[in-house]
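This is what each chain is made of:
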Amino acid sequence: MEIVIEELSKHYGSVRALDGVSLRVPGGMFGLLGPNGAGKTTLMRILVTLLAPTSGRVTIGGIDVMRDPAKVRARLGYIPQEFGFYRSLNAYEMLDYIGTMKRIPPRERKRQVEAVLEEVNLTADAKRRVGTYSGGMKQRLGIAQALLGDPDLLVVDEPTAGLDPEERIRFRNLLVRISGRRTVLLSTHIVADVEASCTGLAVLRQGRLAFAGTPEELVERARGRVWLVEVEPGEWDEVASRVQVVSSRTVGGRVQLRVVADENPLGRGVPVEPGLEDGYLAVSGSAQREEWLVHV
Amino acid sequence: MSDLLRRLLTAWRMELRLVVPHWSYPLMLLGWWALVAYVFSIQSLISPEAALKGNPGAFSVGLSALAALLLGAFVAGRSQRVRFAALEETFPTGAEVLLGRWLACLVALLPTQVAAVVLASRIGPATSLWRGLPTFVLEAGITLAFAVSVGWLFVTWLGPRRWVYLLLAGGWLSSLGWDVFFGGQGPSIPGSDLLDVLRTASIRYEELWGRLMEGERPVWFNLFYAGLAALFVALVVARVTARRNRRAPLIPAAFALAALMLTASAATAYVRQAQAWASQAITVESIQPPEPAATVTSPVVVDAWEIAADLTDPASPRFDARLTLRAAGNEPISTVTLTLHHDLEITSSSVPHERDGDVLTLALPEPLAPGATQDLHLTYGGELWTLVQAFRPLPDPLVFTTERGVRLPFFAGWYPVPGEELGGPDTSGVLHPPGRFVLTVSVPRGWGVCTNLPATGETTFASDRATWAVLYASPRLRTERVGASTIIAPEAILPTARAVIPNYEALLAEYASFFPIAAPDGVTLAVLDSFAGMADHTPPAGDQPLVVISQNTPEDLMESTGGHRYFISDALAADLWVLAGGDTGATTPRAGISEYLWIRHRVGTDPAQFEQALLANGGSYTAPIARALLAIENQRGVEGVREVIARMIAEGASLQDLEPDQIAGWIEEVGGAR
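Top line first, the protein sequences correspond to chains A and B.
One point on numbering: in this note's numbering, the residue at position 178 of the first sequence is 523, and numbering is uninterrupted.
One point on numbering: in this note's numbering, the residue at position 50 of the second sequence is 56, and numbering is uninterrupted.
Note that these hints are calculated values from the structure, not bench results.
Here a beta-carbon is modelled for each residue, glycine too, at the ideal position from N, C-alpha and C.
Mixed in with the good hints, there may be bad ones.
[Unchecked claim] Under 8 Å between C-beta atoms, here's a sample of chain A residues computed to sit facing chain B:
(1) 394
(2) 395
(3) 397
(4) 411
(5) 414
(6) 421
(7) 423
(8) 428
(9) 431
(10) 445
(11) 448
(12) 490
[Said to hold, decoys possible] What follows is a list of derived Cβ distance ranges for each label pair:
(13) B:32 <-> A:460: 36 to 46 Å
(14) B:32 <-> A:397: 20 to 30 Å
(15) B:263 <-> A:400: 27 to 37 Å
(16) A:397 <-> B:133: 58 to 68 Å
(17) A:469 <-> B:179: 44 to 54 Å
Given these sequences and hints, build the entire structure.
Shown next as structure tokens:
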């Protein structure tokens with residue numbers, strides 16, 4: 346299911362949460378990366394019809410989100426960054442209710458509820474009150490509700506925030522498994538989540554699109570610009586002020602930094618093979634306005 | 007079932023599922039029921055219908071309105087509060103979810119009225135409960151729907167903030183003060199009580215007339231709040247729909263417009279009626295039941311009235327009156343002046359006549375010699391409607407002929423009386439010289455009739471010495487014989503009245519032993535309305551004392567042995583006085599006997615206790631007479647008092663000119679006190 350975003354802007358007074366973003370997501374699992382405040386959630390909320398943009402146009406599967414939001418909702422599954430359920434209900438009741446709201450016929454609803462509970466591995470806990478669920482279980486229940494109605498588009502906003510590493514990996518794998526024939530739009534600021542699951546991605550920075558393409562293309566953006574350099578502890582601040590530090594570790598009283606920089610830092614850096622995180626930092630560090638059409 | 011309806015019902019069921027099992031819900035119900043039970047326990051309860059349509063019912067609904075405001079706000083904000091809104095906003099749903107939840111709120115609140123209904127059902131007959139229940143449920147539903155909608159609207163506009171609850175509760179509390187600010191204590195603005203959602207200022211329920219005293223206002227009131235509830239819901243739906251669909255919410259807007267028009271129309275009609283009533287009303291200082299007193303002076307008296315009142319169309323009754331006029335003076339009379347209410351149009355007259363307001367002047371074909379009589383035949387009819395405004399902000403109809411009841415008190419001028427004066431609700435009513443009065447009444451099927459004249463049949467009444475006459479007719483009114491006694495009361499009050507008749511009879515028997523000439527065989531108890539018309543001291547109905555009490559003094563009915571209210575005692579004593587041939591104008595000696603009988607009934611004949619009770623009775627004006635009668639009894643026994651009372655009756659008119667001390671001296675003298 347193709348998503349086409351054209352010149353999308355959203356202003357809150359003088360704040361430009363989104364500023365002329367154009368992007369095409371042809372399908373598959375697509376990551377949306379960006380630091381906090383980059384505009385990811387705003388973009389997501391516009392896509393799922395919760396927010397009206399200030400200007401621009403979005404179509405999902407050919408349906409104009411602004412003109413026909415009800416049709417979009419009928420084909421949509423959404424897991425917001427923060428959400429909750431009625432704590433006194435159990436998972437089955439909650440999903441059954443949501444299934445009705447998603448216009449699933451009664452007989453089909455029962456089947457689907459059981460299927461999605463199975464899918465997210467909550468069958469055994471289906472009769473437990475949601476109020477007693479852990480964070481990870483709630484996230485899985487969030488996915489379960491999003492899957493009800495077999496939506497063509499799944500929009501997932503920062504799903505792993507607050508999860509422990511084990512739950513995060515399990516959740517990520519679950520997303521990959523269910524992405525199958527759907528379009529899954531995954532918004533996150535955790536590069537590893539995208540790296541492990543997405544076939545295409547875009548990077549937002551300060552409301553603007555900084556990159557759109559495949560993970561490999563993003564990695565290529567950093568090729569020749571990633572260096573390992575050993576510095577004295579006293580030099581740290583100077584280096585960090587001039588280049589983007591990806592990671593650091595202490596080796597024998599000195600500090601080994603992995604940095605992204607156009608030039609060899611301090612003239613003693615060693616070029617290394619770039620990764621996705623390097624590519625992300627490479628593009629998110631440069632805020633020039635660009636418009637890409639992405640072909641994943 | 008359509009998909010839309012299924013979602014509405016699911017949302018409704020889910021909200022009930024969330025509200026009802028919550029621990030706070032049964033707690034709230036228990037609390038509410040306890041408060042309602044308390045209010046019922048301290049209120050005068052006349053009948054189930056009166057309880058539901060009167061103050062106790064209004065309190066129950068009004069109290070629940072607070073719960074409705076808060077619950078409405080709570081439910082409206084629940085989804086946002088638990089962050090489920092983040093999910094459900096993306097579901098392909100419309101206004102049906104909101105409406106389902108709103109409806110669930112309403113249904114969840116209806117049980118708050120259970121206590122009122124259960125308590126009301128214990129007051130009187132089931133027929134009265136069934137008559138009041140639909141209106142009560144409807145009005146409770148409207149009020150609760152309105153309150154839920156207000157709470158919903160506030161949260162939709164302001165968000166689920168805690169101070170919204172305080173704001174709503176404050177608004178509810180301030181509405182409690184309406185009666186103080188705009189009722190008896192404050193400025194009276196006709197129609198302003200429409201904004202008194204708790205109805206504290208506008209209730210006018212009378213068991214005999216139902217809500218007739220409020221005119222059509224309850225209908226407009228209900229439509230106004232139903233319209234507002236619909237308007238607020240439509241506004242909420244319009245706002246949510248506009249936000250979610252990003253287009254003008256045409257259907258909710260049209261619905262809101264229709265609701266607004268309904269609200270405005272109902273408000274206009276309500277205010278218009280209130281203003282019309284206010285402009286029509288006669289302002290008086292009091293509408294306490296006056297007592298017909300002074301007798302009109304006229305050169306012509308009416309020896310006999312024979313009136314056929316056709317109330318089959320109660321809104322426009324017709325009367326056929328045959329009068330026997332007699333010249334009472336020393337001069338021949340060629341014109342006769344009578345008084346008849348100006349709204350009663352004369353359709354035929356056996357003699358030529360002229361009208362000037364209430365005054366009817368008849369030109370006799372020949373001068374009427376002193377003592378001679380002349381028959382007069384008149385037919386007349388029309389609609390009567392008199393509003394009186396006393397201390398209350400809203401006027402009350404005291405004289406009316408409507409499809410829901412006919413109320414023609416003695417000052418209504420519904421039959422021709424000699425002279426040019428009728429009296430009024432705020433003055434002592436005027437008596438006409440006594441005459442024979444025969445009244446035949448035709449009423450719609452199922453209606454009851456009440457007059458102060460003794461009944462000679464189901465719908466015929468006659469008295470040989472009537473000095474005034476009232477005529478009430480109501481579909482609720484019933485007359486029932488209980489042994490030798492008679493009850494005239496609204497149907498719902500009959501069981502209560504029936505139960506206390508023995509108490510009245512016992513008191514009557516005790517008093518009657520002092521009036522051997524009177525020899526009443528029972529008592530007639532009339533439980534009517536709370537307005538002027540049938541006075542407390544209504545003359546006896548035939549051979550029976552007639553006790554008229556207000557529906558608002560049910561304690562008079564409820565009390566069993568010991569402690570009858572003084573005025574009931576006084577009414578019995580006064581009627582025994584009249585039945586024994588006493589002069590109605592001799593109020594002082596009569597009141598002295600009444601006080602003696604009352605104190606004696608309560609404490610016996612021990613002088614010390616009697617004196618103490620007299621003092622406790624307020625050290626009344628007639629206390630010396632009571633003391634003197636007790637002294638006679640203690641010296642000569644009851645027989646001695648009987649003899650004295652018989653002498654007092656015989657010389658009542660002359661005693662009236664004496665002071666109580668002088669009357670006491672006279673009693674001791676004629677009673678042979680040592």
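Check each numbered hint against the structure and report the violated ones by number, ascending. 14
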